[in-house]
Amino acid sequence: MPHYIKVSQTASTNTYLSRLAATLPGGTVIYTPSQTAGRGQKGNSWESEDGKNLTFSMLLKRPPVKARDQFYLSEAAALAVVEALSAEAGDQFTVKWPNDVYWRDKKACGMLIESSLDGTDIAHSVIGIGININQERFLSDAPNPVSLKGITGHEHDLMAILKRVCSRIEQLVDALGDDSARESLHRQYMAALYRNDGNLHPFEDASGHRFMANVTGIAPDGTLTLQHEDGTTHDYLFKEVKHIIDGVIL
Numbered sequence: 006m007p008h009y010i011k012v013s014q015t016a017s018t019n020t021y022l023s024r025l026a027a028t029l030p031g032g033t034v035i036y037t038p039s040q041t042a043g044r045g046q047k048g049n050s051w052e053s054e055d056g057k058n059l060t061f062s063m064l065l066k067r068p069p070v071k072a073r074d075q076f077y078l079s080e081a082a083a084l085a086v087v088e089a090l091s092a093e094a095g096d097q098f099t100v101k102w103p104n105d106v107y108w109r110d111k112k113a114c115g116m117l118i119e120s121s122l123d124g125t126d127i128a129h130s131v132i133g134i135g136i137n138i139n140q141e142r143f144l145s146d147a148p149n150p151v152s153l154k155g156i157t158g159h160e161h162d163l164m165a166i167l168k169r170v171c172s173r174i175e176q177l178v179d180a181l182g183d184d185s186a187r188e189s190l191h192r193q194y195m196a197a198l199y200r201n202d203g204n205l206h207p208f209e210d211a212s213g214h215r216f217m218a219n220v221t222g223i224a225p226d227g228t229l230t231l232q233h234e235d236g237t238t239h240d241y242l243f244k245e246v247k248h249i250i251d252g253v254i255l
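When we follow the numbering used here, the leftmost residue of the sequence shown carries the number 6, and every step to the right adds one.
What the hints contain is simulated information worked out from the structure, not anything from laboratory work. Treat the hints with caution; some may be incorrect.
[Unchecked claim] Straight-line C-alpha distance at most 16 Å; calculated EDC-like pairs for lysine to aspartate or glutamate: (1) 111 / 251; (2) 112 / 52; (3) 112 / 251; (4) 112 / 126; (5) 247 / 209; (6) 66 / 179; (7) 154 / 54; (8) 71 / 119; (9) 247 / 188; (10) 112 / 74; (11) 247 / 119; (12) 71 / 126.
Working from the sequences, and respecting the hints, build out all of it.
Here it is, written out as structure tokens:
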């Protein structure tokens, strides 16, 4: 079972937990009502109004996957959030590769997973998650945030959602030692993937080239395969390609 530790305020729950990882048991969750310098993917910051949202990090020790397959941890965390939010506000939540959680075309959750490796194994991983729950106004220049309250019109129980997410992450990760469980997890992830509908959608690669493509697969290391409009397929590592949503690169 996850073990929850509340911190009244911290710059980053990932940084806080990473510093203590050697002394804490797996399953420890650090959460705070006030995160002052939350970190996201690609060096982005994470806006969160005090007391309104979930900002937390969960420690996994020696998860049952090799370092080369650590994207399964990302899949598990993203699906756990999708399930929890869907239980609160319906089934229009998806995972935008690699692990943002979207409601329609708006971002409800961001993640940052940081791992310490021991050769080919994972010594520990810190899964940092920010979920917009009860915040009504967003002041940063983030182009497309949304909260649960913005979707449903009413407030939601932060602790209930936190416990649902973390318990589900633990359950999914614990099962990853079984090949069939991995295959099932990956199928669920692909089924929940944003814009994985067989249609062409706009993307931009790292060189600034824009193109239309559809998703054809994701490898265990997280590599995304897209089929371009001309029928050719190309593989992309994280940061090498981005979605374009309403003309904005995301």
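Hints, verified against the model:
{"no.": "1", "hint": "111 / 251", "in the structure": "11 Å, holds"}
{"no.": "2", "hint": "112 / 52", "in the structure": "12 Å, holds"}
{"no.": "3", "hint": "112 / 251", "in the structure": "13 Å, holds"}
{"no.": "4", "hint": "112 / 126", "in the structure": "32 Å, violated"}
{"no.": "5", "hint": "247 / 209", "in the structure": "5 Å, holds"}
{"no.": "6", "hint": "66 / 179", "in the structure": "11 Å, holds"}
{"no.": "7", "hint": "154 / 54", "in the structure": "13 Å, holds"}
{"no.": "8", "hint": "71 / 119", "in the structure": "15 Å, holds"}
{"no.": "9", "hint": "247 / 188", "in the structure": "26 Å, violated"}
{"no.": "10", "hint": "112 / 74", "in the structure": "26 Å, violated"}
{"no.": "11", "hint": "247 / 119", "in the structure": "21 Å, violated"}
{"no.": "12", "hint": "71 / 126", "in the structure": "5 Å, holds"}
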